[in-house]
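Student: Here is what each chain is made of, one letter per residue.
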Amino acid sequence: MTAITAPLRRRRPTDDAATPPDLRLVEEPVVRHTLAYAVVMVLVLAAAVFGAVTLNALAAGASVEARGLEARVAVAEREYAALVAEVAALEDPARVRAAAEELGMVPPGPVRHLTLERNLPGDGAVPTTRTPDAPTDPLKPLLSVER
Amino acid sequence: MTRLRTRVGGGGSLHSGDELAIRRIRWTLAIFALLVLASTVKLVQIQVVDAADLAAVGERQRARTLELPASRGRIYDRDGDVLATSIQAATIYADPRAYRGTTTPEGREVPPAGEAAVVADTLAPLLEMEVDGVRERLEQDRHFVYLSRQVDHALGEEIAALDLPGIGVLTEPQRVYPAGTLAGQVVGFTDIDAQGLQGLEARYDHILAGQPGTLLLERAPGGLDIASGIRELEPPVVGTDVVLTLDRDIQHVAELVADQALETFEAVGASIVVSEVGTGDVLAMASAPGFDPNVRGDEDPADRRNRAVTDVFEPGSTQKALTIAAAVEEGVVEPTTTLEVDDAIRVGGSTFTDATRHATESWTVSQIMERSSNVGTIQIAEQLGPEQLDGYLRAFGYGQRTDLGFPGESGGLLMPHTQWWSTSLPTIAIGHGVAVSLLQLANSYATLANDGVSVPPRLVQGTVGEDGRLSPAAMGAARQVVSPGTAGAVRAMLEDAVHGEDGTGARAQVEGYRVAGKTGTARKPRTDGRGYSDEYVATFVGMAPADDPQVVVAVMVDEPYPFFGGLVAAPVFAEVMEAALLALRIPPDGSGTDLPTAVRLAAAHAERHAEEAVEAADDAAEVVETAQEEGEDGGDTDAAP
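Protein sequences appear in the order of chains A and B.
Okay, so the first sequence: first residue is 6 according to the working numbering, each after it adds one.
Okay, so the second sequence: first residue is 473 according to the working numbering, each after it adds one.
Fair warning: there could be bad hints in the mix.
What the hints assert, rightly or not - For each label pair, taking beta carbons as the anchor points, the in silico distance ranges come out as:
{"#": "1", "chain 1": "B", "residue 1": "947", "chain 2": "A", "residue 2": "106", "range": "33 to 43 Å"}
{"#": "2", "chain 1": "A", "residue 1": "91", "chain 2": "B", "residue 2": "536", "range": "29 to 39 Å"}
{"#": "3", "chain 1": "A", "residue 1": "92", "chain 2": "B", "residue 2": "822", "range": "55 to 65 Å"}
{"#": "4", "chain 1": "B", "residue 1": "974", "chain 2": "A", "residue 2": "112", "range": "54 to 64 Å"}
{"#": "5", "chain 1": "A", "residue 1": "58", "chain 2": "B", "residue 2": "686", "range": "27 to 37 Å"}
{"#": "6", "chain 1": "B", "residue 1": "895", "chain 2": "A", "residue 2": "92", "range": "49 to 59 Å"}
{"#": "7", "chain 1": "A", "residue 1": "106", "chain 2": "B", "residue 2": "820", "range": "49 to 59 Å"}
{"#": "8", "chain 1": "B", "residue 1": "532", "chain 2": "A", "residue 2": "101", "range": "53 to 63 Å"}
Hints in this document: simulated from the structure, not taken from any laboratory.
All C-beta atoms, glycine included, are put in the ideal place defined by N, C-alpha and C.
Taking the hints into account, I'd like the entire structure generated from these sequences.
Tutor: The following block contains the structure:
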């Protein structure tokens, strides 16, 4: 008897337990919102640029203001120095003397001191030339360490 | 075929296309690696090897360092009144390149920014300069020329506002002396760059000058500051203020009186020193002729000298107080010791005489001082001996500079006694053959006034720091030269020399005070050192109140006419001493005046001045009337027909 036989197929040995399945269940890919991501990035970038520019502008403004203040301080210092010199020139004894003579004043006569024959109520009191709280001349240095 | 064969055959080998691709990739990688390597090398070179140099180059391109000048310290008198200070002035400069056509490196012609002639015409009247002078400077072949330095700041602003091409304005400090000639020789002056040149400005330049600061800025090419750039400020250290011991009011009177003495006695110079007893503080130091440190250039350089410390002279009879003090201290004589005094004495082959002839008299030491007897003083000095006299004079400060350290200060001249001639002892005993500065002389009398204790003189009371408070200067070490008893005895003799019946210093009296002092008249040595000339130096040194001296005043008038110290220097002393006693509010110790007498004297004084004022008013009215009449006449002449 002749029998038609199909060619033998060699089956690859299989190990069901070790071989992963040919097909597997995959999850539906997540749709990434790239547009939103780009917008956020642009906003962050814009905010950073804006912040940097703002800070720079503020710094520039402060710098301008500082220069203005320095100029004012310089002007004030210059005026103060000029005023100090002017006050000193006006207080010059020679100038005061000349001005007094121009006004018709004459030098005082010899100074005479009176010797009192009896004590007065004020005798014995400690004379003071200035009160402790009297303001000092702002144009003069404090010439006493006690002041 | 090859390709097919290669594809078909070959088994495990690659196709030729793959090899080519691989080869290309390898080349690409190699080139890329080379590029990366080159970049890395360059990066390392820039960031590591040359980093510092490149950073420096970049900083030089952007950064600009400005020097901030330190404000020079002020100089005050003892009451805090300003004698020297600094103000901000304007300096006008030009860049002459602006008036010349130039060519750029690329060969492009650049026309001049302006015309020198036009700019000179504009600036000359403002700067009070000749037009030609300004133009000459503008046409110099330089990059920078000063047109005028330290002009008024407002003028600088005015010129800056003109915006003239090539003209710039700088601000720089200018040293000014608001009181003009007051204490000019003592305070001294600086040069235009604020470097101390003379006087205390030079002596204390190291503390007055301060330290300049720096400001490091980053600037854009346009010159504007980069706000976020580098800004490193090292602030300048302001100069320290110096407070002198001078009293402005006393100094003024001393200078005024010295000038008057110069004029009255036709002298070539006069110096006055006023010292406070006990502290050594110099209250006034005047020299005439004076000079104004603000206006230099035309005056005689000799007028800049502080004669009181730089010039020396023979003290003459003012020396006798020291000779007698030494003798009293050594127990050789007492004030009451009597000597037989002739009007001449011969020592070492030379004859010394008194100023006036007299018979042989029995005078006490006090009377010798009162009459200023040369012969009597020489007799006392002979008992004392040269070694003792030399030692005491040096103890009083002769022959050495004081502790002032004033520029140009002289220590005087006193030869060691081992080199003295046979006539040196009598000569030096009466104030010849020895030279001192007026300050030395004043300080020797201050020692007598201070119960024999010598306190080094000082001109600086202290310094004022940034807190505005005074840091007192250290005081020199005091030395006991003679005992208080000796000093008191000599003071009593000196009082007799002023108030005594035969005193030579009667014109030195100050109303209300007892004054102790001594006149001196000495011939000036010839300039060639051979003998004496016919010119004299008149001196007077004294103290008041005599019982408890507070002030010492020394006066020297150079080549006066007449030349006697009692006639010339004594009245000068009286004026200055009176002013000093008043300024210091020192109560009188002399005879009192009762109220009716004082009122009568004051009324007489007022009446006299009132009469003078009426006369002056009448004269003025007459002048005005005359002028009006002349004016009316002139009006007729000028009137149109």
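Student: Does the beta carbon distance between residue 974 (chain B) and residue 112 (chain A) stay inside 54 to 64 Å, or does it fall outside?
Tutor: This hint is violated: roughly 32 Å between Cβ atoms.
Student: Is it true that residue 895 (chain B) and residue 92 (chain A) lie within 49 to 59 Å of each other by Cβ?
Tutor: Since the Cβ atoms of residue 895 (chain B) and residue 92 (chain A) sit about 58 Å apart, the hinted range of 49 to 59 Å holds.
Student: Taking the CB of residue 947 (chain B) and the CB of residue 106 (chain A), does the distance hold inside 33 to 43 Å?
Tutor: Distance hint for residue 947 (chain B), residue 106 (chain A) holds at roughly 40 Å.
Student: Given the range 29 to 39 Å, decide if the beta-carbon distance of residue 91 (chain A) to residue 536 (chain B) lies inside it.
Tutor: Cβ of residue 91 (chain A) to Cβ of residue 536 (chain B): about 35 Å, so the range 29 to 39 Å holds.
Student: Are residue 532 (chain B) and residue 101 (chain A) spaced within 53 to 63 Å by their CB atoms?
Tutor: 56 Å, holds
Student: Do the beta carbons of residue 92 (chain A) and residue 822 (chain B) sit within 55 to 65 Å of each other?
Tutor: 60 Å, holds
Student: Has the hinted range 49 to 59 Å been met by the Cβ atoms of residue 106 (chain A) and residue 820 (chain B)?
Tutor: 56 Å, holds
Student: For the hint 27 to 37 Å, verify it against the beta carbon of residue 58 (chain A) and that of residue 686 (chain B).
Tutor: Since residue 58 (chain A) and residue 686 (chain B) have Cβ atoms about 31 Å apart, the given range 27 to 37 Å holds.
Consistency with the previously given hints fails for number 4 only.
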